[in-house]
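From first to last, the protein sequence lines stand for chains A and B. The numbering of the first sequence is my numbering, which starts it at 1 and goes up by one. The numbering of the second sequence is my numbering, which starts it at 1 and goes up by one.
Some hints here could point you the wrong way.
[As the list claims (entries may be wrong)] In silico EDC-like links for lysine to aspartate or glutamate, alpha-carbon gap of 20 Å or less:
1) LYS5/B - ASP69/A
2) LYS5/B - ASP65/A
3) LYS169/B - ASP106/B
4) LYS41/A - GLU74/B
Derived by calculation from the structure, the hints in this document are not laboratory data.
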Amino acid sequence: MKSYIIVILISALLISTLFFALPKTEVLVPFDEERFDLNVKSDDYWKKEIILELSILPKHRTFLDDKVDKSRNILYKRLQKAGVEEIQVVSYKPTQEEIESQIQPEEEESFLKEYIKVIVQTTIDENVVNQLITSTGEIKIMEPKEILDDLPDEEQLQLYMVENYEETKWDRSQFRNILIRDLMAGEGGRSYFGIFKPGLGNRREFNRFLREREGEMIGVLMDSFVIPMQVEPEMSNIFAVGLGPDEKEAKTQNIILNTGVIPASRISILSAENKETDIYEIDHIQVTLAILISIGSVIFFLYQREKEEKEKILQFAFSLLLIFSISLTILKIWKIPIDLFLLIPTGILGTIFLKTMYTCTTESRMILITSVIVATLMVIFGTGYIPIMGSFMLFVILLSFITEILTKVYFKHIKIINS
Amino acid sequence: MEIIKYFEIITTYQINTTIIAILIITLLISGLFFYYTNDIKPSAIIFLSAILVPILTGLFLLVLYSFFNIQPSEKHTLILWSSLFINTINLSMLLGRYSKEILKKDFDIDHVTKYHFTATLNLFITILLITFAISVFVQIDMILILTTTLLVSSIVIWLNHLIARLLLKDK
């Protein structure tokens with residue numbers, strides 16, 4: 001009786017998930033009053049070619065190429081950390097026409113100008129991308145000039161103007177990192193704060209700097225405007241700057257403040273042009289057919305090999321079908337945004353992984369460990385689409401554990417019923 | 001477009017992270033097999049193999065960009081990582097069997113290389129079948145990625161077999 005129940009349950013799981021996984025089945029069943037189709041990202045993509053103008057101080061004239069190279073690296077790192085799918089950051093020489101089309105403020109003339117072309121194709125919010133590529137990432141702790149001492153009420157905006165402050169030695173290079181944390185703010189609300197962590201050997205000096213200014217006002221320069229703040233006694237333990245309650249803004253600031261300082265006084269957008277997105281057009285039916293036929297061909301190949309046990313081939317086919325149907329069902333029900341074309345290489349690698357796990361049983365432990373290592377490194381070190389594919393692969397490997405157990409249980413109980 | 005221009009597209013950050021990732025894969029996997037076999041030769045095979053994957057991928061991509069008028073894209077990094085994944089599975093089959101056999105009193109390296117030949121052939125036919133089956137349903141850009149991955153990984157897994165035969169024969 002127990003065997004019958006188990007076999008029925010696992011069969012039901014396979015049939016129901018397969019039903020959910022197959023294309024166009026969403027039209028047959030209303031699910032929570034909305035369609036449970038795959039949440040494909042392709043419609044959300046946008047592509048832009050942006051020319052950035054870097055204003056560099058003339059004293060850096062001799063290391064200009066290094067500065068541009070460093071800026072390219074930082075821009076790429078920022079966009080990659082934000083999850084931008086396609087990035088290209090290259091040095092650029094603008095045409096005279098492009099330069100002339102931009103209105104230059106008079107005080108800007110003393111700067112050296114270098115240009116970088118950034119091409120992005122992504123589903124990330126355009127404002128976030130713009131913020132990431134136009135912030136230098138520099139922060140400076142500044143002291144107010146006397147002009148701010150007795151400021152009339154109507155002149156309060158002067159508090160945020162950089163020209164009303166004097167620089168101190170405390171800039172981004174003096175801090176190890178800026179830790180972004182969600183902390184309690186006044187009046188019971190929560191807000192994000194950037195906690196400044198001084199570099200080793202700087203802590204004592206920074207605490208002394210703050211103690212000397214207890215009760216006084218200082219300013220923190222971020223993105224060309226100053227955040228004025230009163231130095232409180234507890235600041236020598238934790239120096240935190242409020243970044244507001246918006247999580248998206250805090251995440252963006254976290255990337256900007258912790259990926260390095262772009263060696264330019266200012267970054268501005270010289271031009272921005274929309275481009276046609278370059279996405280591999282592939283639909284759900286194509287993906288399903290492609291994966292099912294590749295699974296079928298592998299099973300056929302294994303079946304033709306006399307050495308392979310027929311039961312093992314059946315187990316492999318059953319397990320593969322379970323992985324395929326469960327993973328697509330999860331993607332559909334939870335509406336996880338996906339790039340459909342990524343399912344193809346993931347399907348190929350998943351099939352190869354599972355096939356070797358079933359056919360090379362003595363080495364399966366090694367295959368499992370090394371596959372997990374590579375998939376994890378894809379998530380950590382990959383760029384563009386690779387972290388997404390790495391997380392898919394980790395998910396497939398984890399799912400293969402569960403389906404292997406289910407398959408073994410299923411075949412064991414089938415045998416019991418048959419005997 | 002001259003070849004040098006393709007290198008200008010890549011940032012040093014991309015190169016560094018890829019090198020670090022490959023080094024970590026190499027060190028972790030060779031460390032794992034060194035722990036099981038107490039033999040340095042498997043580590044040498046892993047190291048050589050891990051170097052071959054990015055070199056071959058780079059060469060194939062240069063050929064694609066130069067002769068087939070294909071624009072560089074972030075999607076092409078799929079070739080490198082997919083080939084690395086397939087290569088790692090192949091190495092695990094070889095060295096997993098090697099670490100089991102080396103513990104036996106009647107250890108014979110021929111058993112390992114013969115087994116690896118069959119396993120590599122099996123893997124090669126599997127990749128070939130899957131790639132061709134899938135290629136029917138996808139557009140040309142995707143076929144290029146799949147075919148290049150097939151070529152890179154096939155060359156690397158067969159080279160793995162050759163390197164293994166050469167390096168492990170004296171044991």
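Enumerate the violated hints, using their earlier numbering and listing them in ascending order.
Those not satisfied: there are none.
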